[in-house]
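Guided by the hints, dock chain S onto chain D, whose structure is given.
Protein sequence lines, in the order shown, are assigned to chains D and S.
1 is the number of the first residue of the first sequence in this note's numbering; add one for each residue after it.
117 is the number of the first residue of the second sequence in this note's numbering; add one for each residue after it.
Check each hint, because a few of them may be wrong.
[Unchecked claim] To give an idea of the interface, some chain D residues facing chain S are shown, with a C-beta separation under 7 Å as derived from the structure:
{"hint": "1", "residue": "V24"}
{"hint": "2", "residue": "D56"}
{"hint": "3", "residue": "R85"}
{"hint": "4", "residue": "F90"}
{"hint": "5", "residue": "I92"}
{"hint": "6", "residue": "T96"}
Since the hints were made in silico from the structure, they are not lab data.
As the structure is a prediction and not an experimental result, all values here were calculated from the model.
No residue lacks a Cβ here, since even glycine has one placed at the ideal position from N, Cα and C.
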Amino acid sequence: MDLKLDDHMKDGIRVVDVEGEIDVYTAPRLRELLIDLVNKGDYQLVVNMEKVEFLDSTGLGVLVGGLKRVRAHDGSLDLVCRQERILKIFRITGLTKVFGIHDTVEEAIKARKSEK
Amino acid sequence: MVELAFTPLPAHVRTARLVAVAVARRSGVPESLLDEVRLAVGEACSRAVEAHRQNCPAEPVKVELTDSGGRFEVVVTDSGHGAAPADDLAGPEMIPEGTAALSQAGAVPGASAAEAHNGLPAALGNGHGGLEDGFGLAVIAELADDVRISRTPAGISVCMSWPSSAR
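Okay, chain D solo, but in the shape it has when bound (with noise of 0.2 Å):
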């Protein structure tokens, strides 16, 4: 499974979808998509990761400089899993302390809205 990546606006907010497997073949990808979004002005990103099959130490790389690119204009990234094999590498790396992960898109627009 090869990676699939789709982006939409949702109250305000660049929703990115991502589809497949996020690994050091794939993720360049997703970085040059996010910078993509940041250069075009989008600072308040959710990434859903619900149908992420995979995710390595590369992947969470270009998802923390997704997350310093958007924090340098005062953004945020999102992250929406529920999937516990993925959580997992959030957990052993300290990453859950960094990223906002939440259950549902919904939820993380939600909680993004009511922090301002």
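Chain S in isolation, oriented as in the chain D frame:
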């Protein structure tokens, strides 16, 4: 034993992962551990590919998968000599400093204005959106049941193993 050698291209890392999981399953590694095998082997191959690309792009990365004495063992050997910093040689007990910083990254990002990198721990990110060198090895150390990382004359060898029930 199953032996695999592949050109150091990121696209082949997925193939190595698939082979590793297939052999692990056949060796009787419990289903609940296969995700760990997949990720750990992927991380080891990713760092080997990177080492080769920097130092010897023409040489293949080698992966050996063996099943004996109730253990499924994977050895990923690279020839990217000199590519690994000393920190990279961390075993489970000596996880790179970056990981310690990560686990202590409890502070809510942005909570401290003084914190560098927009509130992210310094270990996170090298400006290219990647994580510090050695991060993948730290992940392996958490995932494999037993890990040994050693320097060979040619490069680095990562040996990982999990329990299996040889049939």
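Going down the list of hints, with the structure as the test:
1. The interface hint given for V24 (chain D) is met, as the beta carbon of that residue sits about 4 Å from the closest beta carbon of chain S, less than 7 Å.
2. With a least beta-carbon distance of about 5 Å to chain S, the hint placing D56 (chain D) at the interface is held under the 7 Å criterion.
3. For R85 (chain D), the interface hint holds, since its Cβ comes within 7 Å of a Cβ in chain S; the closest pair sits about 5 Å apart.
4. About 10 Å separates the beta-carbon of F90 (chain D) from the nearest beta-carbon of chain S, more than 7 Å, and the hint is not met.
5. Interface restraint check for I92 (chain D): the shortest CB-CB distance to chain S comes to about 4 Å, inside 7 Å, so the restraint holds.
6. Checking T96 (chain D) against chain S by beta carbon gives a least distance of about 10 Å; that is not within 7 Å, so the hint is violated.
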